[in-house]
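Enquirer: Each chain is listed here by its residues.
There are 2 protein chains.
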Amino acid sequence: MLRKCRIPLRFFARTQRHFSSDVTDVKEVVVPKDEVKRFIERCMTCVGAKLKHSTALADNLVCADYRGHFSHGLNRTEIYVQDLLHGLAISDREPELMRETAATAYVDGCNLLGPVVGNYSMNIALEKAKEAGIGWVVAKNSNHYGIAGYYSMQASDIGFLGMSFTNTSPLVVPTRSREKLLGTNPISLAAPGKGDDAFVLDMATSAVALGKIEMASVKHSKIPEGWGADRNGKITTNPADVLQGGGQLPLGGAETTSGYKGYGLGMMVEIFCGILADAKYGPNIREWKENERLAELGQCFVAIDPDVFAPGFPDRMQDLMDACRNSQKSEGESAVLVAGDPEKLHMDKCDREGGIRYHPNQIIKAAKLAEELGIPPMKPLDN
Amino acid sequence: MLRKCRIPLRFFARTQRHFSSDVTDVKEVVVPKDEVKRFIERCMTCVGAKLKHSTALADNLVCADYRGHFSHGLNRTEIYVQDLLHGLAISDREPELMRETAATAYVDGCNLLGPVVGNYSMNIALEKAKEAGIGWVVAKNSNHYGIAGYYSMQASDIGFLGMSFTNTSPLVVPTRSREKLLGTNPISLAAPGKGDDAFVLDMATSAVALGKIEMASVKHSKIPEGWGADRNGKITTNPADVLQGGGQLPLGGAETTSGYKGYGLGMMVEIFCGILADAKYGPNIREWKENERLAELGQCFVAIDPDVFAPGFPDRMQDLMDACRNSQKSEGESAVLVAGDPEKLHMDKCDREGGIRYHPNQIIKAAKLAEELGIPPMKPLDN
Numbered sequence: 019m020l021r022k023c024r025i026p027l028r029f030f031a032r033t034q035r036h037f038s039s040d041v042t043d044v045k046e047v048v049v050p051k052d053e054v055k056r057f058i059e060r061c062m063t064c065v066g067a068k069l070k071h072s073t074a075l076a077d078n079l080v081c082a083d084y085r086g087h088f089s090h091g092l093n094r095t096e097i098y099v100q101d102l103l104h105g106l107a108i109s110d111r112e113p114e115l116m117r118e119t120a121a122t123a124y125v126d127g128c129n130l131l132g133p134v135v136g137n138y139s140m141n142i143a144l145e146k147a148k149e150a151g152i153g154w155v156v157a158k159n160s161n162h163y164g165i166a167g168y169y170s171m172q173a174s175d176i177g178f179l180g181m182s183f184t185n186t187s188p189l190v191v192p193t194r195s196r197e198k199l200l201g202t203n204p205i206s207l208a209a210p211g212k213g214d215d216a217f218v219l220d221m222a223t224s225a226v227a228l229g230k231i232e233m234a235s236v237k238h239s240k241i242p243e244g245w246g247a248d249r250n251g252k253i254t255t256n257p258a259d260v261l262q263g264g265g266q267l268p269l270g271g272a273e274t275t276s277g278y279k280g281y282g283l284g285m286m287v288e289i290f291c292g293i294l295a296d297a298k299y300g301p302n303i304r305e306w307k308e309n310e311r312l313a314e315l316g317q318c319f320v321a322i323d324p325d326v327f328a329p330g331f332p333d334r335m336q337d338l339m340d341a342c343r344n345s346q347k348s349e350g351e352s353a354v355l356v357a358g359d360p361e362k363l364h365m366d367k368c369d370r371e372g373g374i375r376y377h378p379n380q381i382i383k384a385a386k387l388a389e390e391l392g393i394p395p396m397k398p399l400d401n
Numbered sequence: 019m020l021r022k023c024r025i026p027l028r029f030f031a032r033t034q035r036h037f038s039s040d041v042t043d044v045k046e047v048v049v050p051k052d053e054v055k056r057f058i059e060r061c062m063t064c065v066g067a068k069l070k071h072s073t074a075l076a077d078n079l080v081c082a083d084y085r086g087h088f089s090h091g092l093n094r095t096e097i098y099v100q101d102l103l104h105g106l107a108i109s110d111r112e113p114e115l116m117r118e119t120a121a122t123a124y125v126d127g128c129n130l131l132g133p134v135v136g137n138y139s140m141n142i143a144l145e146k147a148k149e150a151g152i153g154w155v156v157a158k159n160s161n162h163y164g165i166a167g168y169y170s171m172q173a174s175d176i177g178f179l180g181m182s183f184t185n186t187s188p189l190v191v192p193t194r195s196r197e198k199l200l201g202t203n204p205i206s207l208a209a210p211g212k213g214d215d216a217f218v219l220d221m222a223t224s225a226v227a228l229g230k231i232e233m234a235s236v237k238h239s240k241i242p243e244g245w246g247a248d249r250n251g252k253i254t255t256n257p258a259d260v261l262q263g264g265g266q267l268p269l270g271g272a273e274t275t276s277g278y279k280g281y282g283l284g285m286m287v288e289i290f291c292g293i294l295a296d297a298k299y300g301p302n303i304r305e306w307k308e309n310e311r312l313a314e315l316g317q318c319f320v321a322i323d324p325d326v327f328a329p330g331f332p333d334r335m336q337d338l339m340d341a342c343r344n345s346q347k348s349e350g351e352s353a354v355l356v357a358g359d360p361e362k363l364h365m366d367k368c369d370r371e372g373g374i375r376y377h378p379n380q381i382i383k384a385a386k387l388a389e390e391l392g393i394p395p396m397k398p399l400d401n
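In order, the protein sequence lines correspond to chains U and A.
Okay, so the first sequence: first residue is 19 according to the working numbering, each after it adds one.
Okay, so the second sequence: first residue is 19 according to the working numbering, each after it adds one.
Hints may contain errors.
[Said to hold, decoys possible] Straight-line C-alpha distance at most 20 Å; calculated SDA-like pairs for lysine to any residue: (1) K148(U) - L106(U); (2) K70(U) - E118(U); (3) K347(U) - E273(A); (4) K252(U) - G350(A); (5) K240(U) - K240(A); (6) K397(U) - E46(U); (7) K70(U) - R117(U); (8) K252(A) - K148(U); (9) K45(U) - E273(U); (10) K240(A) - K70(U); (11) K252(U) - I253(A); (12) K230(A) - I253(A); (13) K237(A) - T274(U).
Since the hints were made in silico from the structure, they are not lab data.
Being a predicted model, the structure only gives us computed values, none of them experimental.
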């Protein structure tokens with residue numbers, strides 16, 4: 019792999035940096051989407067990624083930020099940079115189709131960047147769906163693939179239903195257990211309405227994202243009952259107890275509020291991913307933020323052509339979404355939303371502002387990364 | 019339709035009977051599974067159902083009771099009897115295959131009994147999976163199909179993955195809404211382990227079953243936060259508020275504990291069922307316990323042959339299930355379970371006792387039904 023940048027020794031220390039959150043002298047900055055994309059491409063090609071692979075990753079991360087999921091966007095660039103530098107992911111080949119039927123495919127991700135594996139697999143799912151009505155594709159040897167919705171939306175963009183699932187490092191304790199055995203294992207389903215409207219579900223099967231618990235810990239505030247358990251498996255409102263030896267709870271929280279359903283859904287995702295794909299699964303997956311071992315994740319991609327059933331899918335989908343949005347609001351609420359609506363609001367804001375508005379810490383982090391890689395930094399809109 | 023029994027006028031009044039729960043002079047009774055099945059068959063053939071259709075329904079209801087889901091078993095016989103008597107379901111034809119591809123099929127349930135439509139559709143899904151690796155079948159014009167797991171297990175019994183989904187009458191309020199727009203819309207996934215072991219998820223996407231809230235109301239006890247909302251959409255711990263003009267909450271409960279995820283999952287099921295099938299959907303489905311209109315439910319059945327991906331699925335599935343079961347228990351817990359384990363415990367108990375142990379009210383209800391239909395009652399084991 020050709021490295022066109024100077025690689026600081028720090029990158030080989032296999033540690034994660036954390037930026038303090040008390041920066042006061044830097045303001046929020048708006049950066050055009052294209053500029054963010056070019057920056058991420060520069061970072062990745064600099065450490066040896068093919069331009070095509072760098073673009074696949076950049077599109078995915080920019081999509082996350084544009085939709086308001088900042089944890090999965092530019093913020094993670096350094097993780098992918100380090101993955102390539104440490105040989106935990108590669109970029110000098112393409113995924114391989116190992117087996118297929120009229121409607122299924124089994125893909126070897128060959129330890130390439132997750133979005134490279136994801137795009138390749140979702141494309142096969144779409145082609146299968148065009149011929150057989152459905153395509154169900156499973157990939158092994160993959161890596162972090164970004165937001166799950168990025169792939170499912172590739173289907174809804176052409177009038178199909180799309181789904182995507184990935185297993186992840188173990189962070190969630192099964193109901194009644196004190197061991198972290200399952201990841202936050204997301205489910206995404208995208209389904210087209212009329213025009214540009216779509217239903218886009220993209221949810222972890224844990225009660226909440228880890229970041230929400232980390233944030234509460236930083237602020238020394240309590241967390242609601244149902245988010246996490248302590249090291250003894252007892253539900254706690256102290257975020258530190260969750261982060262220090264405890265675990266996240268599945269969707270539903272406690273057993274009395276049906277946490278076993280979220281646990282079952284987390285298992286479902288693991289079955290579609292690690293178990294079907296013969297990838298790492300459950301407790302066999304490397305720990306979160308560990309970079310000693312390969313991720314070897316399993317992922318699953320589905321596309322369905324609704325017209326092989328009944329015509330008129332987008333009309334009915336639109337009608338159902340509108341029935342929800344136009345329903346009587348609960349006392350004190352301003353709007354009933356449908357999955358994907360919060361993201362639409364964020365994208366509208368970005369469009370109005372001419373780009374993505376980043377927290378100052380994010381800008382500093384990107385600037386330091388640029389400096390260390392010896393590449394030009396991002397140019398904000400206002401500069 | 020030939021009716022071999024005397025039909026009391028009461029049945030035409032289109033009302034639901036409720037038995038008092040304070041019966042004290044009748045004890046729990048064990049009835050052999052075969053006897054329950056024959057009784058349900060007698061009830062159904064008596065009101066004009068074909069024997070084949072009666073058997074399909076009886077097998078489904080007995081399966082529910084055997085697995086411990088008494089709300090969906092013998093208890094519902096009268097609902098199906100009334101459906102036939104009122105012309106809300108029919109039994110004088112078979113479901114029709116309307117469209118198909120190598121991996122999909124679109125079925126017209128022709129308003130037949132739900133299990134007739136379900137068995138027909140799941141069988142097609144299995145045949146498609148044998149040829150194409152996956153079968154995804156959607157049915158319209160269906161009725162209550164019993165427990166969702168009954169169909170998914172038809173796949174796991176032969177080493178395949180099975181899924182089944184149905185929409186249901188609207189009982190659940192979307193996050194931030196005060197209108198009941200979605201059903202309890204269940205998800206079932208069954209996946210084979212080694213030997214007879216299997217993962218069997220069968221869950222409503224509401225926080226809990228309606229019956230749990232009804233039970234709390236009868237007992238005048240509070241319900242946990244997260245089960246239901248009052249008529250203003252406010253979360254309540256008073257079950258009466260939920261039942262009188264309020265609504266059930268989706269899995270996850272309040273917005274702070276991610277109830278919008280359960281709402282999204284309920285929408286997902288509706289998309290696979292009513293929207294894909296061009297059946298009734300969401301608020302367009304008749305109210306629960308209403309029997310003026312046809313149900314016209316939509317249902318979805320999926321089968322997947324894991325061998326079209328990687329060999330060894332049952333071994334990995336078993337390993338993951340055992341990792342959960344053998345994990346360190348939370349303080350005070352006696353066992354970590356996997357989806358389907360509570361049902362296995364119940365089936366073991368039935369096998370030990372020689373049949374299904376019914377609550378006395380259930381026995382009285384069945385005896386009255388037998389009397390009214392003029393057919394022989396069930397014979398308990400102890401008689």
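Enquirer: All hints, please: hold or fail.
Expert: Hint by hint, here is what the structure shows:
Annotation: proposed proximity of K148(U) to L106(U) is violated, straight-line Cα distance about 35 Å (limit 20 Å). Among the hinted pairs, K70(U) with E118(U) is inconsistent with the structure: their alpha-carbon atoms are about 25 Å apart, more than 20 Å. Distance check on the hinted pair: K347(U) and E273(A) sit about 14 Å apart at the alpha-carbon level, within 20 Å; holds. With a CA separation close to 9 Å, the supplied pair K252(U) and G350(A) stays within the 20 Å bound.
For the hint linking K240(U) to K240(A), the alpha-carbon distance of about 25 Å lies beyond 20 Å, and the restraint is violated. At roughly 13 Å between alpha-carbon atoms, K397(U) and E46(U) fall within 20 Å of each other, so this suggested pair holds. At most 20 Å may separate the alpha-carbon atoms for a hinted pair to count; K70(U) and R117(U) exceed this at roughly 25 Å. Among the hinted pairs, K252(A) with K148(U) is inconsistent with the structure: their alpha-carbon atoms are about 45 Å apart, more than 20 Å.
With a CA separation close to 44 Å, the supplied pair K45(U) and E273(U) exceeds the 20 Å bound. The straight-line distance between the Cα atoms of K240(A) and K70(U) is roughly 58 Å, outside the 20 Å bound, and the hint therefore fails. Under the criterion of a C-alpha separation no larger than 20 Å, the hint pairing K252(U) with I253(A) is inconsistent with the structure, at around 24 Å. Of the pairs offered as hints, the one joining K230(A) and I253(A) holds, with about 16 Å between alpha carbons and a cut-off of 20 Å not exceeded.
Taking the CA atoms of K237(A) and T274(U), the gap is near 17 Å; set against the 20 Å cutoff, the hint holds.
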